[in-house]
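K.L.:
Chain by chain, the residues run as shown.
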Amino acid sequence: MESMGKVLVINYEKCTGCRLCELVCAVMHDGISNPTRSRIKVMKWESEGLYIPMSCQQCQDAPCMNVCPVKAISRDEELGRLVIDYDVCIGCRSCVAVCPFGAMSFNSIDKKIFKCDLCDGDPQCVRFCEINAIEYVDADDVSLLKKKDAAERISIAGKEAAALAAQV
Amino acid sequence: MPLDRKIAYIDLTTGDIQTKPIPLDVRKKFLGGRGLDAYLLYNHTEKGCDPLGPKNTLMVSGGILTATCASATARTHIMAKSPLTGLLGSANMGGFFAPEMAWAGFHHLVIKGKAKHPVYIYIHNGEVEIRDARDIWGKSVTDSQWAIREDLGDQEVKSLVCGPAGENLVRFANVMTGIKNSGGRSGMGCVLGSKNLKAVAVRGTMDIKIARPKEALEYNKRFIDQIVSAKVNQTQGALGTPFIWGATNSWGGVRCRNFQYNQCEYADDIEPERIDEICEETMGKYHMTGCFGCQVHCRAQYKIPSGPYAGTYDEGPEYTSQGAFGGETDTPRAITVLTGNHLVNKFGMDNLETGSLISWAMELYELGIITSKETDGIDLKFGNDDAVIEMIDRICFRKGWLGDTLADGGIAASEKIGKNSFNYLIQVKGMSNLHSDERATPALALNIATGSRGSDHLRSRPAIDLYHLPEEVLRKIYSNPVPYDGPLSSEHTEYIGKPWQVFWQENCYMGVDCLGICKYHTTFLGATLPNFEDWSKVLYYNTGLEMNPEEIWDVAVRCNMIERLFNLREGLAREDLKKGDMLNHRYFDEPCRRGAIDVVGRKIDKKKFIQMIDEFYEHKGLDNNGIPKPETLKKLGLKNEPSHLV
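Those protein sequence lines, which keep their order, are chains A and B.
Just so you know, we're using the working numbering here: the first sequence kicks off at 1 and counts up by one.
Just so you know, we're using the working numbering here: the second sequence kicks off at 1 and counts up by one.
There is no bait here: all hints are sound.
In silico lysine-lysine, PhoX-like type, Cα no more than 20 Å apart, as pairs:
no., chain 1, residue 1, chain 2, residue 2
1, B, Lys-209, A, Lys-112
2, B, Lys-285, A, Lys-146
3, A, Lys-71, A, Lys-115
In case anyone wonders, no lab produced these hints; they're calculated from the structure.
Bound-form chain B, shown alone (with noise of 0.2 Å):
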């Protein structure tokens, strides 16, 4: 049975590895994945204490109905103290690592302390060893996963790694995957390497029985028939996410320059169809790869055409490294783009922060806050591709004062620095925002302000928000499983309605975080997807667990009051610019100056901003400073201290 996969206590300072299982109610009131990692954080990590020291704890889990029979249940799911912001650390992958950790009996670890030297854990069939990884120890992503499968002779090992960004400690690195799948955002990869953890492998052949799998097998085929005929995902299937990229800057949605500009010109050759034909001409007709038990098949393979890494083989560009590499440093080169995106995959870096942080570097030299002194002499202008290129390389491996710099994160950064500098910082709670430019889109801005693990587009971005959907249909998304009376707006630049959506945004993600399937699946691009309804069915028929799509929602907005306390207790104050869920002052002071006519000369109104954020707290039950009513967390069933259920 799906529900009888276990957690695994491994501390890596006494070598103590202890198996539970999760107790029945504890997924009841946090099904599994994002939202039971959560809980485990709050409950196993103290107050205050230093992400890179032992007694960071480090989460790793699949979702309840991670290998089940349920549709494109590929996700991993990562949690920290994060190293980048010092609140929430979580980082979600697809690939294959979750689902064979199921086979191999467990959903969730819980990974404490620190080893004397580097060391892998490896995990096959309900039992679990620490192995030495000092022969592995400095290896790039891929070849870190090679050659654990030769250490165990085993070729269908799936491991999760840090690359050498994450064992040199930049802040912002990545836990990976397969050969691109990453675990972005937050510096969980560095949490590995503060720990000496190499990588974590496993290897499962148990059978996870399904509840009742005739009635599994056609509701999966439902929904991936469901899936496939969204207009969207069979754009995603045939130009992956850089079709996003594409379609936001056209009406002006991206950063460019830093956030001098909310769209990039003369970007041809890191459009869409630009990318998918090198990925064409280099890996022929049928280039789209896919994450375990997938139909959406979003993710394109390409060889890089030109230059000195010319014909080596990596997956992707995401619409981030568009944005990184692409559009922010002003270098709308596929060559930049192909390069950067192959450097931070093989390194294991989160290209979002990367590349926001080196086009925030090149603003401030362009400022002359920084000059060549500070970067060695590299003209860091925008738009120079070898800068960008190189900065990467010197992020990595921290070289030269301003890639030591840069790989402690922004606020450190900006810190060391000093001047104005902060004031040119895109982020929010230390984490750099998205390539994306909120300042036409409010709703878009409430999202990145409050997002659970900073700056963040994956936690409640309401995306279908840009579709000017009537407002009856709008209605019918946002008022199940729970009423809303609201009022709603179909108009993408309004402020009305949105904290409601941003709410219900939340929760539909934490939901599908917990269950473990990708949101491609769920009310995220597409308005015509599965959400609560289909998932009490999908946990239904492959678990046996009866949740009705209340109770499921329940669970989210529970969950996402658990890393609500968590920040809480590590800092969160509402209006704090470093620590809190406020914008940048660009945001409300400087107008968009391309874009489409209603784009144009738009900027947020500071104190309809602040009002919609008064609002999202009362939908959360917050009081106005943001902490959670005590009525509040009595009927979450949460308590302030930890329960310590698991």
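With the rest of the complex left out, here is chain A (with noise of 0.2 Å):
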């Protein structure tokens, strides 16, 4: 029950492009080296060096989970996830559309749409992300931590501007 309510946060001016989240992520669910069997992938810019790991966001009001015909997506409290029942799931793709973040994937090789699972609770692409871009958090945390950040900036902008005047 602890990890309840938790969350993957990415804070994407901390990822360094590097893709491990990628590598790990296929191997631990397909035990596979393939980034395309990856939940997570990291959209990058490299001419602004930029880089972006997308992912699943958990919805709440999950198009993917509304949209599917056969009701093969749902909800799994305990883990604040979504989940597939590959039993019920008929691949037809309807999900990869509607998804806003291009979280939903289908894999051509096994013929099996797939996403982010949160690894049952112990996420490797937050285990193995070193500079802690990825994070695993508790939801409510999630804007606490984001006031912190920009309360800081506030302060330095402001000892900044106070220097400045300062000088003048």
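Dock chain to chain to rebuild the complex, using the hints, since each chain is given by itself in its own frame.
P.N.:
Okay, structure coming up:
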């Protein structure tokens, strides 16, 4: 019960773009190295040095769950995640089409849809990311952390402004 | 399985393409990456071939562990006969190319011939295609890569390319991938240019089944914990390689004014902390980036803060750019280093060779050996920042007499310039030295003198020799996986035991290059990092191949010997100043003029140096002329003639 309400938080500014998360995700789930099997994917703008990891947001009002014609996707309240029942799934890929984050994927080798399952409460992408660009934290704490970051920026900006004023 | 990745043989003259599996017995003898490349080069290149002719063969490879769940398997290796040295050409780079090639089904490419017009090779899920590159020819390193993505309609394609320098046959042009990952040294980009080969593009989505995924995953985690806990890697991750230049300059181990001084004074503006400040100012707090699967993230991001390229994004600078465009030329200004770094990245040109040759030309200019007539009026004095930037451009585009002359490399240039210009050229086997000064460090001097691709720190440098580690720690490192009970010394100015350290490092680096792992993940800068014993386990967990640490050591010794055999076949002779295992006379004649108290006044004792070479040859199983003894070849299972297993 400890992990109830925990979510993946991605701080893309920290991401170095190494894609280790993609590798360990595929190896953890399939025993195979192949980024196309990864539930997380680092999108890159190399000429600007910008890297943004994308993964499932485990939405509350989840389009994938809502659109599924056979109700193969359901919410696992214990881990706060959306799970696929492969015995029910018909592979129509409607969920892939509606996901606003592109986080639902279709694996053309196994002919299956797949998405982040939070590694049953021990996300490997988080475990391997030494710079903490991906964290697994209580949903309630996310905005608190962001508030603290923003407050720090405001504080620094204030001090800089004061320093500039002092120079004038 | 990682072991089912194939070799593609591509003939650019005829368009013939063949793919073959890599037999298991070949894997056990050479593993992959640089080691197997050396074997392929020896087999597929004719003795004495023109490095710029169609008969030269270009190898591109990943290591045996590339794209597996081992740590940091990002390295791509490129090999051919070098157009700079006429001997072994070999370059290694990080980035994302080799893993993508492995997912596309290949570990090795063997490229022969010459295309009629510019082409690029496209490899996609087991298929190899030669495509028109006439519209891409002439473009910069990054623009070429983006153009290939447009051409293929796939933004996930990874390419290795030659830039304008390679097209212009600059003898030390790089192969590049991404923004700045460089297969630098020995002119592999020039070989691409000579073949009308603009690029190799890869895209793969094929499975690589991990032999024991659970163990592989856990061992990778253990590796990472070990690697990121090393102080040296934490510093790399914060400041990048510039920290090495700063540290080395502080005690007097870097070249300044070509080879006149061993320390660069008034260098505050290019100290690692200052470079880091610029990176932070232009790219924000988190400005480090890394290669595939690596947690060291040693590459900085920056925008050029001022000047004609202000606002331009680039990556680096590595310590080599500080050395090449700051220290050697005595222009220790951040703007010069950052701009110079950007230009060589854009052009695809070796920063070390470029900076070294410019600083050599500066010394010749100050001595009056060349004059303003040869420089087209450029005041090529040390400390002239504009001249450095201008010369980079002139070399890449072969502009003016001097630009064109230097583009042919140091030895050819010295023959053209004449007088006693060669005496001032700081090189081994025709390749310029790193920006470091090894007069106070005999082990490092031996390393650059005997490196298989010419003067080089990445083939056998016992960098930890500088740490003054206690003898028992050294013994623990250097008597594994094979026993060594000879002398070892903690003192970096000593000559004792250094040949064994250099020999051991040579095999360690060959091992890591065969596996496809970065050197920051082994006994290079960090004394506590993994080597043979860990590799044995990682190899088993990922590929299922069972090889004990001694067997991996044997592979490394064997592959180093093939590189030696190749060099001997192409004319290496022990004391030949242009093609041998010998240093410029200044190492023996001119003492260090600056630096720490135990550095000032030091130079290499020639007699002791020759003894070190003798001892090094002995460890390698070579005779006094540096030629392998018959029993050595027999023991390694090598013949003097190609065996053509692949």
